[in-house]
Amino acid sequence: MLSLLFDQGEPGRGSDFVAPAGKPEDYLSAGLLRAGLPLPDLAEFEVTRHFVALSHRNFSVDTNFYPLGSCTMKYNPKLNEAVAAFPGFADLHPYAPDDAAQGALEMMWTLERTLSSLFGMEAFSLMPCAGAHGEVTAMLMAKAYHRERGDEKRVTCIVPDTAHGTNPASAAMVGYKVVSIPSTPQGRTDIGALRAALDDTVAVCMMTNPNTLGLFEDDIVEMTKAVHDAGGLMYYDGANANAIVGLCRPGDMGFDLMHLNLHKTFSVPHGGGGPGAGPVGASARLAPYLPAPRVVKDAGGVFSLRASDAKSIGPVRVFASHFIALVRAYAYIIVHGAEGLRRNSELAVLNANYVRAKVKDILTVPYSDHCRHEFVCSAEVLKKETGARALDLAKGLLDAGIHAPTMYWPHVVPECLMIEPTETETKETLDEFVEVLRALVKQAHDDPASMQELPLHTYVRRVDEAQVGRLANKGIGLRWTGEK
Amino acid sequence: MLSLLFDQGEPGRGSDFVAPAGKPEDYLSAGLLRAGLPLPDLAEFEVTRHFVALSHRNFSVDTNFYPLGSCTMKYNPKLNEAVAAFPGFADLHPYAPDDAAQGALEMMWTLERTLSSLFGMEAFSLMPCAGAHGEVTAMLMAKAYHRERGDEKRVTCIVPDTAHGTNPASAAMVGYKVVSIPSTPQGRTDIGALRAALDDTVAVCMMTNPNTLGLFEDDIVEMTKAVHDAGGLMYYDGANANAIVGLCRPGDMGFDLMHLNLHKTFSVPHGGGGPGAGPVGASARLAPYLPAPRVVKDAGGVFSLRASDAKSIGPVRVFASHFIALVRAYAYIIVHGAEGLRRNSELAVLNANYVRAKVKDILTVPYSDHCRHEFVCSAEVLKKETGARALDLAKGLLDAGIHAPTMYWPHVVPECLMIEPTETETKETLDEFVEVLRALVKQAHDDPASMQELPLHTYVRRVDEAQVGRLANKGIGLRWTGEK
Amino acid sequence: MHAPHTDRDVREMLDVIGAPSLASLAAPPKGLEVKTPFDVAPALPESLAFAHLARLAGANSGARMTSFLGAGAYRHYQPPAVPYLATRSEFITAYTPYQAEASQGSLQAIFEWQTYVCLLTGLDVSNASLYDGSTALVEGVIMASQATGRRRVAISRCVHPGYRAVLDTYARGMGIEVVELPVGADLSVDMKSAAVKDLVAGAGAVIVQSPNFFGCIEDVAGAAALAKSAGALTIQVIVEAMSLGVLKTPAESGADIALGEMQSFGLPVGYGGPYVGFIACTKEHVRRLPGRLVGETHDVDGRRAFVLTLQGREQHIRRELASSNICTNQALCALFATIYLATVGAHGLRSIATANMERARELRAAVLAVPGIRPSSEAQYFNEFVVKAPLPAALLIERMERRNFLAGVDLSRWYPDMPDALLMCATELTSREDIAAFTGALATEINDALAAV
Amino acid sequence: MHAPHTDRDVREMLDVIGAPSLASLAAPPKGLEVKTPFDVAPALPESLAFAHLARLAGANSGARMTSFLGAGAYRHYQPPAVPYLATRSEFITAYTPYQAEASQGSLQAIFEWQTYVCLLTGLDVSNASLYDGSTALVEGVIMASQATGRRRVAISRCVHPGYRAVLDTYARGMGIEVVELPVGADLSVDMKSAAVKDLVAGAGAVIVQSPNFFGCIEDVAGAAALAKSAGALTIQVIVEAMSLGVLKTPAESGADIALGEMQSFGLPVGYGGPYVGFIACTKEHVRRLPGRLVGETHDVDGRRAFVLTLQGREQHIRRELASSNICTNQALCALFATIYLATVGAHGLRSIATANMERARELRAAVLAVPGIRPSSEAQYFNEFVVKAPLPAALLIERMERRNFLAGVDLSRWYPDMPDALLMCATELTSREDIAAFTGALATEINDALAAV
Ligand SMILES: Cc1ncc(COP(=O)(O)O)c(C=O)c1O
Ligand SMILES: Cc1ncc(COP(=O)(O)O)c(C=O)c1O
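Residue numbers (my numbering), protein chains in the order written: chain H, 126 to 609; chain S, 126 to 609; chain D, 2 to 454; chain W, 2 to 454.
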């Protein structure tokens, strides 16, 4: 067990960082000053040992196969990290004048043009910080668009039941009523149900493609048309874009709005939960509503940040972008080119199908066609036969040094495991994964009770989530307090 | 078990690093070209996973308490690493003209002056790459000095029996006959034996102070005088300088020559076995023999590399120094100043004595006085009583996540463990170490047989050293061959 | 190319799958194939990509100038231990710690971050981070609006105008009314004025920033008293987190919610991001907090463990009823800040914050000594302040930029009634040499500019 | 201050020790106390130390110039994965892997390094690294001298003069005689000349560098034949390891020992070090190898393991009878090189080496097209070559430096008979724009210089 920082250190430990500058009271009246500052004083060495030790308690892409569905845990090239640290990027202040930031602006401009071309959109805003931020940005744009047209009756947002939770949550944030559409037995959004839901209150329909079952929405063009006919807008959740880069384009499918997760498709590292970047693309009619500022290039090749367009919804964060994250995505793009990006998507699909073909012998794989970048399988039969659940398999994988797939989502598949290997894994690794899974299923049959004990070898074993939730509701157990 | 690199990869994997430039035969006649290049082609991702996994199989200062005697495994501040990577240092070519390298030269000049002041020497050469390189450099200087004086009969080098192996090996490299001096029951070099060994063939006497038992050579001034009287030179092995910085100076003790291990005393990281830096200091009469080039400063404050002095032994490596290692040592010095350095030495002595005082109850601590930066203890009694050896204790410490002390050296103490905590460890860590050691000794009494099984929890357990040595003698097992 | 597949790999895998070719396997439904070539630059070998990015970085001269820019992004010393530790593979390439057994490193670090936020603000609970200070403001407004059931908030015009613009964007979409409290004489809000009192009536939140956008320390306690009497929550926005090293905590001032930006703690200015938003509140609002929360618990063997908790508030469980839509947050940036705070400690943070105040006062005095420059406010401040120039601030900034100084932020961009006002910032990295060189050049430029008129 | 001790810690610990004060505990014997104050700058707080070092780094304008310097230190592309992985805590803060159970990471990496050295040179065995190429030369000479029992070696004058100077330093001390083989017409050694044959007679080693100091590829096979007939060992020195990506291996040429420098594999030029020396030889000399060796074995459970072996050759066991005095070597630098080689692979290494040849030829052609510049040799070369200038090389270099070019190395420093010779180097990082800009400036400077005469 690793002590918390707050149980380490001694008052007075640590380096000097600045020359002595007196006391706070030399500069401010006492009434403005805080009573105490109860942070621990640690030697740098203690801090180093602490965080290196913490790092050893994590699974990560660089240490473990991480087939976490819907998250695109691909390898993050180290080139990205090196260029992101260039002082010419890191030390540039967001209010530096445009003429003193031409390199940064050129990069952003090129990135925007590149994404627009790759996804068939008129323009992108690089401002949103993550996928969900992109979604709500797009919802704000949709709302502004309809309002601008005086079409204020449009208050519903259509979302398939397989959609990621951020979709309905983002729609709700701008006050949209969420209408959920069921999936067909083929794992696609039910176009009949969609049509039935369409009326003149529909503001926007959010589609994820490939959807979270890893399947291409075959009726996507028809659905787009139907929604458009009803006066609604089509939104493309591009979190799964790793299946389609260079192969097809949401713009060509008729979408008005979309977001990308640069931290999935474009190799920005996930960082243990962020930061990401969630650029929002827009078709010609929606582009004027994109957040401001955006980068423009004048006839002389000079770049600048244009503060605002008349129709823009305004800014969705204070500064123009998660710039340093964009640098990483840009680096990824320029070493690949359009062809390399397309090949990565093809190989992502290849890897997923390869695992799927092999897993078919082990677990139920519910849909019959080839998948795209990921697929779901179900442990329902296994559960019936042995009592072992998807959860148990997931925990068992951890013992083998493999991160668990996404579990119990989408909800339409019982005892669901969603597996996304990504293109950067070798065949050797995939083969090994399948064998580990096979062995776990065998273990479930041979010794079902043992499955609930898994994992055995991780730093901690299964944790008590119930108790912590009860206390947390009262604001307890969410921070160190010094009490034992 | 982690595959070797050579058992991974597939031909054709990996990134493109340069634009295509044709084939080797386009530039050179076929007869000059190699037949094949049998290196594995790996994706960067494979390389990353491989080396991150390897890193997890190491103990290190940042992850483990590492009380390895004579090695000064102190914390390496991360400031050092950051400044060492500055492009202004890293991208500077060793043949860059002096006027284009003024910052580097200023640093080296200041470092040389600082070391000279701290150790009371006339001058230092920053050229040697490590401690042993410094030693042989000094031996070459001694030889040149005597030769210059026509005193060619001086062919012996006096070395205490507690000295590090590099001392006699360095002396032998320049053809000196090594005479070993025994230690007294008090753990000091026997001055009587030393005097007896002195005659007009003595070229130099190498002293380590504090010696490798962690004790100050109390007779050091007398010994220096005796050797000088016999016409010999005195060499100070400064590997243990962490005990004395700012407290006393080899120059004041009369030494003619010395080396420092910047990778011990001055926080250059050990790097798993190097690189280090082993500057050699010289008194006024020996300074002219220092290796060339050295940095000089002219009246106008301009720095330059002076190619050679008439009496210089010449260069001991092709370029002027392990420059990037020096940057680290320099960074360490400037954040401490003379006072901070002295305090570090005092605290190194404090930590060693603290552990020593507590270990006295557990194992035999052979010498009665306080120690300096390290101390030795003996498991001889334990071995007699239980059969458990120093080796077993060392391996048991590994299981507790503590690196083993230096074992079985110096040879004058049977079943020896040499413990050097360094000043950067907290009292908390030292207390924990003592308790682990206490528990191991108890285990030895309670269940002696179990001791030979240790370690149980490391990545590999005790290894077969005999077999590998037999094969290695025939050149087998020292590289991957592809055979299974 | 980062994918490892050789042609042989591909063939073997296609065989197992039973697909004829890679192209056919991955092809979109008929009719959706891309028809025109992409407008994307051809692939660069890695060494050329590196050189290309080095050129772009080099083209940002602003990154090398002596800078007095603050206004929401602060250049502070980053101890090298911070990036060294935070950028370890195991931190940067992990996902959100949903699998507790495989994520104790990230989870404990977030728990420590939550604790730091609480210790710094004095409040009870805090979440795992938000995108940045400006979006944290939006989340705080949503919390307050839900807590009070009121669709109207009152915000000081001394709050960062960029933050207010973001709030406006969202508020329009969310149907929340935002009323603004006027800038008082001393560039802060007069909490005692009747006008302010009227504006606050009926609001769900009273929002002040302190130190405010002009650098001045606001009367947060006054705002809290006012809010309380109006049945509103008090939200304190903190943009320059370094001020927390010395200033009264939001809790001490009576704030219910503190939120803002912690970029100052170990993150580079990086042309605007990523930074790290924080939010903290009193216990009773814990279930309204947006985003992830880590709690302490134990595993089946009784070992202490950390885990994501109260996930029932979050989008992936609660969908349209979630307290926020946030999913990916700023975990790695929060880790930077956590390691920063661990490294500097109380001792370091207080001394660095004090050095900021010292340098800001030295800068202000030196700038005010330049003929033609006048002060804008005599309010107490942390490390930023406003001065008035004898010519339009924009012109002066342009002149100083030519001399490789970023003199400050032109306030007229947001406050048209302040054409000559310059917002300046000094930090512990502002050296005396910088100040002397700057004020020397400033005097010359002002002289020249006035002579030219 | 990096030590963690608070005053309370110190007091408590002194109590346990039974010492009255820190000063008395650590004090040297009476009379040895330091009497005068030290000439050491006062301590700097960390942010100022950082700034101070940034200033020093910035004062090295040479690091930013367009460089054509080689001559033993080569500027190559360093894939960012290399430093990223090699500088992990667990690698940089470990000691020599004496405790095998706690050091499998370092041990396996060294085993992989030894393998790479063998694969690249074609030889049987290799050690864990040596300080640098020049000291590797000394170690190779000692090996050869011990293997043959001869105290005399013959070395080509086309071997790096800096390496030869180091050998001279040691040879004087060790009592080994060094004879030099003359530079032939085409800046390489004529192995067929009678003079060379005479000089080799009685030598324990024939030492050639290829590519040699002038960039030319030597007739190593010829040297080996000659050595063999004289009963000497053949030592091939390799200073630009990148050439191993394409050139015939030392083994193919018949060398017994290959040694030199692998800085080119992922290590910066760094004003001269640290770099990484290597040495490899045929099986029969394995026990004469200097320094550490890692071998493959297994643990008590039968798992593969790596361990230091043949320690009986080393100083810590064998003391004055050791094969060398080396202890600390260049483990971390060898790790850089190992990760470099793993990252680029055969495919990458060959293509990078080929790009070096391409750029060197482009550079040479462009330089020779400048009026007044003449070639020095038509021998085949890798990425370095010598040209003759119409003015003293030193003067030309100085002129070009003023234009921010490091034109090359002035050979007259070591070869007084070559006053106008410039040794130039191009690598894969030498861009066509660099070459064009350089040769343009060169033409102007030569013109101006000649006009001034
Ligand atoms: C399908 C889908 N949509 C949206 C999101 C939200 O993206 P972010 O986490 O970047 O906010 C995710 C991320 O997990 C996702 O998988
Ligand atoms: C006492 C002593 N002398 C000399 C040396 C040799 O130093 P290096 O390993 O740097 O060559 C050592 C290193 O272990 C040592 O402990």
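Some hints could be false.
Here are the simulated lysine-lysine pairs, DSS-like style, with alpha carbons at most 30 Å apart [claimed, not checked]:
id	chain 1	residue 1	chain 2	residue 2
1	W	Lys249	S	Lys609
2	W	Lys31	S	Lys148
3	H	Lys485	D	Lys31
4	S	Lys485	W	Lys31
5	W	Lys249	S	Lys350
6	W	Lys284	S	Lys609
7	D	Lys31	H	Lys483
8	D	Lys31	H	Lys422
9	D	Lys284	H	Lys599
10	S	Lys599	W	Lys389
11	H	Lys509	H	Lys422
12	S	Lys436	S	Lys422
13	S	Lys302	S	Lys148
Which residues of chain D face chain S? A partial, calculated answer using Cβ under 7 Å [to be verified]:
id	residue
14	Ser48
15	Ala52
16	Ala55
17	Ala82
18	Ser90
19	His299
To give a feel for the contact side, a few chain D residues facing chain W, derived at Cβ under 10 Å [as the list claims (entries may be wrong)]:
id	residue
20	Pro38
21	Leu45
22	Leu49
23	Pro80
24	Arg89
These aren't lab readings, by the way, just hints derived from the structure by calculation. All of these numbers come straight from a predicted model, not from anything done at the bench. The C-beta atom is built at its ideal place from N, Cα and C for all residues, glycine as well.
Hints, verified against the model:
About 28 Å separates the Cα atoms of Lys249 of chain W and Lys609 of chain S, which keeps this hinted pair within 30 Å; it holds. Distance check on the hinted pair: Lys31 of chain W and Lys148 of chain S sit about 72 Å apart at the alpha-carbon level, beyond 30 Å; violated. The straight-line distance between the Cα atoms of Lys485 of chain H and Lys31 of chain D is roughly 27 Å, inside the 30 Å bound, and the hint therefore holds. Restraint check for Lys485 of chain S and Lys31 of chain W: the C-alpha separation of about 27 Å stays at or below 30 Å, so the hint holds.
Annotation: proposed proximity of Lys249 of chain W to Lys350 of chain S is violated, straight-line Cα distance about 58 Å (limit 30 Å). A threshold of 30 Å between alpha carbons decides the hint, and for Lys284 of chain W with Lys609 of chain S the separation of about 20 Å falls inside it, so the pair holds. At most 30 Å may separate the alpha-carbon atoms for a hinted pair to count; Lys31 of chain D and Lys483 of chain H meet this at roughly 27 Å. Between Lys31 of chain D and Lys422 of chain H the CA atoms are separated by roughly 37 Å; this puts the pair beyond 30 Å, and the hint is violated.
Distance check on the hinted pair: Lys284 of chain D and Lys599 of chain H sit about 7 Å apart at the alpha-carbon level, within 30 Å; holds. Restraint check for Lys599 of chain S and Lys389 of chain W: not satisfied, since their Cα atoms lie roughly 50 Å apart, outside the 30 Å limit. For the hint pairing Lys509 of chain H with Lys422 of chain H, the CA-to-CA distance comes to about 62 Å; that exceeds 30 Å, so the pair is violated. Taken as a hint, the Lys436 of chain S and Lys422 of chain S pair is honoured in the structure, with Cα atoms around 20 Å apart against an allowance of 30 Å.
Between Lys302 of chain S and Lys148 of chain S the CA atoms are separated by roughly 55 Å; this puts the pair beyond 30 Å, and the hint is violated. The beta carbon of Ser48 of chain D is positioned within 7 Å of a beta carbon in chain S (closest approach about 5 Å), and the interface hint is therefore held. Interface restraint check for Ala52 of chain D: the shortest CB-CB distance to chain S comes to about 11 Å, outside 7 Å, so the restraint is violated. Annotation: interface hint on Ala55 of chain D violated; nearest CB of chain S at approximately 10 Å, more than 7 Å.
Because the beta carbon of Ala82 of chain D sits about 4 Å from the nearest beta carbon in chain S, less than 7 Å, this interface hint is met. The closest approach between the C-beta of Ser90 of chain D and any C-beta of chain S is roughly 5 Å, which is under the 7 Å cut-off, so the hint is satisfied. The criterion of a C-beta within 7 Å of any C-beta in chain S is not met by His299 of chain D, whose closest approach is roughly 22 Å, and the hint is violated. With its C-beta approaching chain W no nearer than about 27 Å, Pro38 of chain D sits outside the 10 Å limit, and its interface hint is violated.
Evaluation of the Leu45 of chain D hint against chain W yields a violated restraint, the C-beta minimum of about 12 Å exceeding 10 Å. At its closest, the beta carbon of Leu49 of chain D sits 9 Å from a beta carbon of chain W; the interface hint therefore holds under the 10 Å criterion. A hinted interface residue such as Pro80 of chain D counts as satisfied when its beta carbon comes closer than 10 Å to some beta carbon of chain W; here the least separation is about 7 Å, so the hint holds. Given hint, Arg89 of chain D at the interface with chain W, holds; its Cβ is 7 Å from that chain's nearest Cβ, closer than 10 Å.
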